[in-house]
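Q: Sequence:
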Amino acid sequence: MHLLLVGLSHRTAPVELRERVDFQGRLDDALRALGGRGSTHETVLVSTCNRAELYAACDDVEAARADLAAFVSQFHEVDRAILAPHLYDVSDLDVARHLFCVAAGLDSLVVGEPQILGQVKDAHSAATEARTVGPLLNRLFHSSFAVGKRVRAETGLGAGAVSVGYAAVALARKILGDLAGRSVLVIGAGEMGKLTALHMKSQGVQQVTIVSRTMAHAARTAEAIGGANAAPWDEMDTALGACDIVITATGAAAPILTRSRVDAVMRPRRDRPLFII
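Residues 56 to 332, numbered by our numbering, are exactly what the sequence shown covers, in order.
Derived Cβ-Cβ restraints for the label pairs, each shown as a range: (1) 198 <-> 114: 16 to 24 angstroms; (2) 56 <-> 278: 38 to 46 angstroms; (3) 149 <-> 257: 32 to 40 angstroms; (4) 56 <-> 226: 41 to 49 angstroms.
Here are the simulated DSSO-like pairs of lysine-lysine, each with C-alpha atoms no more than 30 angstroms apart in a straight line: (5) 256 <-> 229; (6) 256 <-> 204; (7) 256 <-> 176.
Since the hints were made in silico from the structure, they are not lab data. All C-beta atoms, glycine included, are put in the ideal place defined by N, C-alpha and C.
Construct all of the structure, not just a fragment, from the sequences and the given hints.
A: Now the structure itself:
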């Protein structure tokens with residue numbers, strides 16, 4: 056029996072592609088589909104805003120590697136030619152080394168960020184419920200939990216660790232001062248946007264508005280945050296004109312959130328600050 060990992064992350068893929076292969080919200084369906092493919096005996100799927108990684112126990116590494124790459128392409132309807140340059144794979148002991156780094160926060164966008172260990176635990180729990188995990192991956196993941204906990208307890212890695220969202224809040228406070236009473240626009244309804252919005256709310260901001268290309272996603276994220284508003288994509292100019300802080304948590308905003316557009320929207324209220332993250 057061999058260990059195998061196939062995935063992509065912030066190190067190998069742009070945010071636009073990571074959003075397209077995000078398994079969150081469809082994790083149960085993905086695990087059931089993986090269990091029926093036959094190339095692996097056990098599978099765990101770790102999916103966050105910064106990574107989508109498939110961990111497997113298999114007999115034939117080469118066959119399973121090809122099948123898992125094909126699965127990601129088919130499940131998300133992303134052309135394999137687009138996906139292939141961004142995928143990485145490792146096997147056996149390298150899988151354990153990689154997962155230990157992930158659980159410890161060493162492979163995170165913000166090194167040492169605390170959320171990832173909980174996300175790895177959630178991934179294992181989901182696989183356990185779906186009955187796609189067995190003795191080999193059970194041992195691997197439980198070992199990773201111990202590694203992640205030990206790194207935080209015995210080193211200074213987590214002493215000043217922050218999430219991307221918390222870093223954004225800290226920077227906003229440095230530039231704008233007290234955030235109480237401010238209005239925040241979050242473009243993107245994914246995990247990163249949700250976490251940043253929650254950090255903003257903890258600072259006493261008056262209003263949080265979520266904008267996404269899919270209104271249902273924006274509404275779901277706004278409801279999860281509690282007390283936030285959702286707005287459709289075509290009302291972004293109105294939302295921009297009413298906010299003090301803009302959080303861009305999706306690559307889809309880049310082509311339209313140009314300096315000239317922002318200047319045009321903000322011209323009537325230049326006395327009010329705008330901070331774009």
